[in-house]
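Q: Single-letter residue listing:
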Amino acid sequence: MSKMKKKRGAILVIDDEPDICELFEQILGAEGWTVLSAYNGLDGVVRNTASNPDVIILDLKMPKMDGIETLKAIRKTDPVVRVIILTGYGSAATIRDALDLNVYEYISKPFENDTIRRVVGEALADSGGTSDDRRRTPEDSGEGKRHE
Amino acid sequence: MSKEPGLIYVPILHTRRETAGIARSLQDSANTGSTATQAPGDDDRSAGDDRSIQEMWAGIAAKLNDVHLPYERVRIFQEAMPVCGIEKEIAESLTAQGSRNHQLLMDLVGQGARLEGTEDPDLLVQEYEYLTALIAAGAGRPELVAFEEYQARSKVLMEKRDAFIAARIRSTIREGELPLVFMGVRHQLDKQLEGDFMITYLIYRLPFRKIGDIYNV
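Those sequence lines, one after another, are chains A and B. Counting in the numbering used here, the first sequence runs from 1 upward without gaps. Counting in the numbering used here, the second sequence runs from 1 upward without gaps.
Keep in mind the hints are simulated off the structure, nothing from the lab. There could be a bad hint or two in this list.
EDC-like mimics (lysine to aspartate or glutamate), calculated; alpha carbons at most 16 Å apart, straight line [as the list claims (entries may be wrong)]:
#1 LYS63(B) - GLU112(A)
#2 LYS64(A) - ASP43(A)
#3 LYS88(B) - ASP66(B)
#4 LYS61(A) - ASP97(A)
#5 LYS191(B) - ASP97(A)
#6 LYS155(B) - GLU116(B)
#7 LYS155(B) - ASP100(A)
#8 LYS61(A) - GLU112(A)
#9 LYS109(A) - ASP107(B)
#10 LYS191(B) - GLU148(B)
Model the full assembly from the supplied sequences, consistent with the hints where possible.
A: As structure tokens, this is what we get:
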């Protein structure tokens, strides 16, 4: 187990590409944040409910349940979680959808690691929701991957 | 392979100040022959909002740099840029006032692109009047009622603006030219153009929440 001091804040990455999830786990885990991964939209919705993260990083292009559908499902039960859309493509229509679904940031691939670190940090700070009484931690639920 | 001509569409966020500033420039130029130096809402941007806008434009510039457009054949269409004959002067004036958006336009013009008048001046002045009323209602932090009223009126107006812009693009673009369109994310201009052009969306970063309630979508 790493001796790195964990920062308060949990991030859920929803992306069908395991390599991308792993990249985020490395980049954001190295900052001391707790990082969870879901490899499809449905799993993302379930994990959001179970783990109540502070920030979600969501890929738009996923099979079966795409990012916008996933976000619509999440917003039915969670209107406050900060969501960062990450996509390799994106039409103006999907951007309008994202705006209507209270998205915090919209970033296109390829992205700079520093950009992701900064945006996630800003989203966590802006959420003001990293207090333990707001969310149930992954440790509580025993779910999700964790980088410590 | 499609025979439809290409079009580069750049969804953008910008502050009300920028829209108000350009409409104010238009009004002032009509009255005095000079462009405006200040617009309503100048003080409504925080440093964080400003930084987010700057980063968005830096990212868009980097993306454009990556795609190597043939600028001698590029015609730029910019939201809130009136068809008025002094488009370049307006862009220069707003660049001097710190608009990263217009600075990028001037950079592209410097590389050979042509800046085209894009919007109906009368419709822009209406938008300016709506914004002025909104800002006056709340001294920079408008009441929800005033904001909702503005949104409803602005939405109807935006449909008219989009129809004008689409017609403008169709009527001015020449064979072999590439339209490069900078348009606010709430506009649905792309829907009106998709039957005539193969649209490629150029996106870098849109800091929706960071800019908060001051951006003009």
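Q: None of the hints should be skipped; say for each whether it holds.
A: Hint by hint, here is what the structure shows:
no.	hint	in the structure
1	LYS63(B) - GLU112(A)	holds (13 Å)
2	LYS64(A) - ASP43(A)	holds (12 Å)
3	LYS88(B) - ASP66(B)	violated (25 Å)
4	LYS61(A) - ASP97(A)	holds (14 Å)
5	LYS191(B) - ASP97(A)	holds (14 Å)
6	LYS155(B) - GLU116(B)	violated (24 Å)
7	LYS155(B) - ASP100(A)	holds (15 Å)
8	LYS61(A) - GLU112(A)	violated (19 Å)
9	LYS109(A) - ASP107(B)	violated (24 Å)
10	LYS191(B) - GLU148(B)	violated (24 Å)
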